[in-house]
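All chains should be modelled from the sequences, with the hints used to inform the complete structure.
Number of protein chains: 2
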Amino acid sequence: MPHKLGNACSPVTSDCDLVGRIPVKNMATETSRKLYLEDLHIGQRFNSGSYRVDEERIKSFATEFDPQPFHLDHAAAQSTIFRGLAASGWHTAAIAMRLLVDGGLPLANGIIGLGGDLEWPNPTRPGDTLHVESEVIEIVPSRSRPNQGVVKVRSTTLNQDGQAVYVFTGKVLVFRRPG
Amino acid sequence: MPHKLGNACSPVTSDCDLVGRIPVKNMATETSRKLYLEDLHIGQRFNSGSYRVDEERIKSFATEFDPQPFHLDHAAAQSTIFRGLAASGWHTAAIAMRLLVDGGLPLANGIIGLGGDLEWPNPTRPGDTLHVESEVIEIVPSRSRPNQGVVKVRSTTLNQDGQAVYVFTGKVLVFRRPG
Chain C
37 MPHKLGNACS
47 PVTSDCDLVG
57 RIPVKNMATE
67 TSRKLYLEDL
77 HIGQRFNSGS
87 YRVDEERIKS
97 FATEFDPQPF
107 HLDHAAAQST
117 IFRGLAASGW
127 HTAAIAMRLL
137 VDGGLPLANG
147 IIGLGGDLEW
157 PNPTRPGDTL
167 HVESEVIEIV
177 PSRSRPNQGV
187 VKVRSTTLNQ
197 DGQAVYVFTG
207 KVLVFRRPG
Chain R
37 MPHKLGNACS
47 PVTSDCDLVG
57 RIPVKNMATE
67 TSRKLYLEDL
77 HIGQRFNSGS
87 YRVDEERIKS
97 FATEFDPQPF
107 HLDHAAAQST
117 IFRGLAASGW
127 HTAAIAMRLL
137 VDGGLPLANG
147 IIGLGGDLEW
157 PNPTRPGDTL
167 HVESEVIEIV
177 PSRSRPNQGV
187 VKVRSTTLNQ
197 DGQAVYVFTG
207 KVLVFRRPG
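Chains as they are written, first to last, in our numbering: chain C, 37 to 215; chain R, 37 to 215.
Rather than coming from a laboratory, the hints here were simulated on the basis of the structure. One or more of the hints may lead you astray.
[Stated by the list, open to error] Below, a list of computed lysine-lysine pairs in the BS3-like style, where the Cα atoms sit at most 25 Å apart:
1. C/Lys70 to R/Lys95
2. R/Lys207 to C/Lys207
3. R/Lys207 to R/Lys70
4. R/Lys70 to C/Lys207
Below you can see the structure in the form of structure tokens.
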């Protein structure tokens, strides 16, 4: 299951993040076929492409959304529980979402999250390369709306050393193939 | 419990978001005193300031982290389950974090989240003004580390109509007062 980074970021390809200029390489192991409710089964697994976490983006994300010393400044972060600069957990969560949308969870109607539970077992550090491994763990067809169901997916975001930095077990609304 | 928006955003005040240029007005109801573990009790409540959600920022956040039609384009969003442009749930989560850091949850050592569960009961729309109401629901002092504990806080993010758009029940690491 190799993961490579795109080395270049062309603004005219969909691989490229137009805001952050961070290359996102989609290497999902499933085919590019988009999946409906009836295509899913418990135990089904998906792998995302990879995403390199930029130090400046860690700081600018934190400046906007989570301005705490351990997300903003190397020196200040050293004396905190993080023992060094760490990305905001919400930054990691947002990166994981990008990896899922870019093929890590190829649902035909997109990824419509209803909620879920999450944890951050390890910090995300500057320069980390993340990818997401997902598994379908529950499928509940709707009784009242026969064309849809709620699927529980556990998505584990791992760094280049195989350490989990973020685990999100989310409930996703999934539709059946139209008529 | 009135919530007002700052009308101007000066880059030299801490009220101002230096990246997004979105005014954040801190009107936390607790005093500005920062709290340690022994200052917390179950049922304790906190209110954040307010934050106006900018339409262009909804789109640029989604372009970077959650590029799906219902977060990017009004017309495309109309035919989706959202029936109009909606912020990424991770954008709403990040805004809620900013409101907590800016006085909505005044913990002395900052807000160090270990995990939690979340849901998005309603979409966040362009122009919405959000605030966060938090309540301490559990306090578990550490047995092995007497200077810290884990506190469970339920934080409900509401729009200007009092609708909950995001509920996060998070476990936060909190320290005792030193010495």
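Check your understanding: Which hint numbers doesn't this structure obey?
Key -> 4
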